[in-house]
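Chains A and B are the protein sequences, given in the same order.
Residue numbering for the first sequence follows this note's numbering, beginning at 3 and increasing consecutively.
Residue numbering for the second sequence follows this note's numbering, beginning at 22 and increasing consecutively.
Take these hints with a grain of salt, some might be off.
[What the hints assert, rightly or not] Which chain A residues face chain B? A few, computed with CB under 10 Å, are given here: (1) L18; (2) A22; (3) D30; (4) A33; (5) A35; (6) K41; (7) G101; (8) A112; (9) F115; (10) F126.
Think of the hints as simulated: they come from the structure by calculation, not from any bench.
In this text the structure is predicted, and so the values were computed from the model without any measurement.
For every residue, glycine included, the Cβ atom is placed at its ideal position computed from N, Cα and C.
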Amino acid sequence: MAINFQAALGVHESALKIRAQRAEVLADNLANADTPNYKARDLDFKSMLQQQDQAQNRGLEMQTSSAGHRDGGATLFSSDQLLYRTPQAPSADGNTVEGHVEHAKYMENALAFQSSFTLLNGKFKGLMTAIRGE
Amino acid sequence: MSLSNIFNISGSGMNAQTVRLNTTASNLANAQSAASSADQVYRGRHAVFAAVQQDAMNIDFDTLDDGVNQSSGVQVLGIVESDAPLQPRYEPQHPLADDKGYVYYPNVNVVEEMSNMISASRSFQVNVEVMNSAKQMVQRVLTIGQ
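Modelling step: build the complete structure from the supplied sequences, incorporating the hints.
Shown next, in the form of structure tokens:
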């Protein structure tokens, strides 16, 4: 019986990837906290995870009519999945970054990243035990 | 890997805040630098920030990211001189006074500069924290399977 990594690792691999992407977006918001007219952005974790899950199962459906065409299978992370945050108190310079909100989200995301990582690591440890047969 | 991109983003943020802190230091240091004419006097300087937009031509095929709307860090577009009114003061004893007895002082508002300084140092701190936790995340990923 072959070990299927995709089945063994489950959702945690995609979750970790999306957490890393979200960390990047939130870090960008915090870096631009003083930039006039900058609009804070964020990802919707739930919808992205669903999309990644589906994309992993079937790949991206792309029609190929020549041997040289790419067959898809890429994970989709396009800029239209980046949403704009609605600010609680908009500032006069058009910037919608609120330091405390972004900071809280960033920390929350870092903790979620850690828990995703711990779960993924547990899966790997389980596989190692199965391979060693100890 | 997108985690390593955070170092660039936070680094650009720290860089921008350093430039801002530099202009604030320069403004405060020169707040009382008098001159004998309006042309020679020091004027308050302020850094202009702008988000760095990813190159629209640089499409990442692995993620199909067109990258048009996602920014990646902050840049300092330039440093502009304030056009707030200067402060001419009547000080005939001043060695730099002009023939009417006026000395020109810079248009630096010390209170404004102090709040600018606090804001810049706080923003710098936030970027440091972001970079630190990104570092922890990367270090954690390196221990996977151990």
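* Asked: For which of the previously enumerated hints does the structure constitute a violation, in increasing order of number?
  -> Per hint list: zero violations.
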